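Asks: Be aware that the sequence shown starts at 217, since it is given in this note's numbering, and climbs by one per residue.
You may find that some hints are simply not true.
[As the list claims (entries may be wrong)] Within a straight-line C-alpha distance of at most 30 Å, the following computed DSS-like cross-link-like pairs (lysine-lysine) qualify: (1) Lys294 with Lys357; (2) Lys357 with Lys326; (3) Lys283 with Lys295; (4) Lys294 with Lys234; (5) Lys310 with Lys337; (6) Lys245 with Lys289; (7) Lys310 with Lys346; (8) Lys355 with Lys326; (9) Lys224 with Lys245; (10) Lys337 with Lys327; (11) Lys357 with Lys295; (12) Lys355 with Lys295; (13) Lys327 with Lys310; (14) Lys242 with Lys294; (15) Lys289 with Lys234.
None of these hints come from the bench; they were simulated from the model.
No experiment lies behind these values; they were computed from the predicted model shown.
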Amino acid sequence: MSLSKHSKLRRFNEEYIKYGFTYIEKDGKHLPQCVICLATLSNDALRPVRLERHLQSVHPNLQNRSKEFFQTKLSSLKKMSLGSTGVFAQQRDKLVEASYDIAFLIAREKKPHTIGETLVKPCILSAVQKVLGDEASNKMKQMSLSDSRYY
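The whole structure should be built from the sequences, with the hints applied where relevant.
Replies: Written out as structure tokens, the structure reads:
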């Protein structure tokens, strides 16, 4: 007799939108994601009782909202592209990669890491603003070159 217990692999039902949930797929499993707070629950929570409990406990003011309300929230969520393959995530990943590259160059030259925030970033922002404009400069401002944290 095997002691390992196989949990049931649950699938998302489109009717779960009435509880304010959509799903994301990870490793072949459907994981419920709240369209309000973007919280992701386990596959085991993919049942009406648990989804409704989340709605009641975390978003009690939205309990009596219609299915259409949550569908509107879902469509705006899809437009934001917050998933790991979305535009927002890809831009963030590029900023993180650039931050690491700059940190590596600073370390390789044996310069203090404070130079990233005090000299390198202002130089980058000035050059990008002059060459590419304000929109690109605003994106570059999101890059972290802090001496205490590179991410």
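Asks: List, from low to high, the hint numbers that the structure doesn't satisfy.
Replies: none
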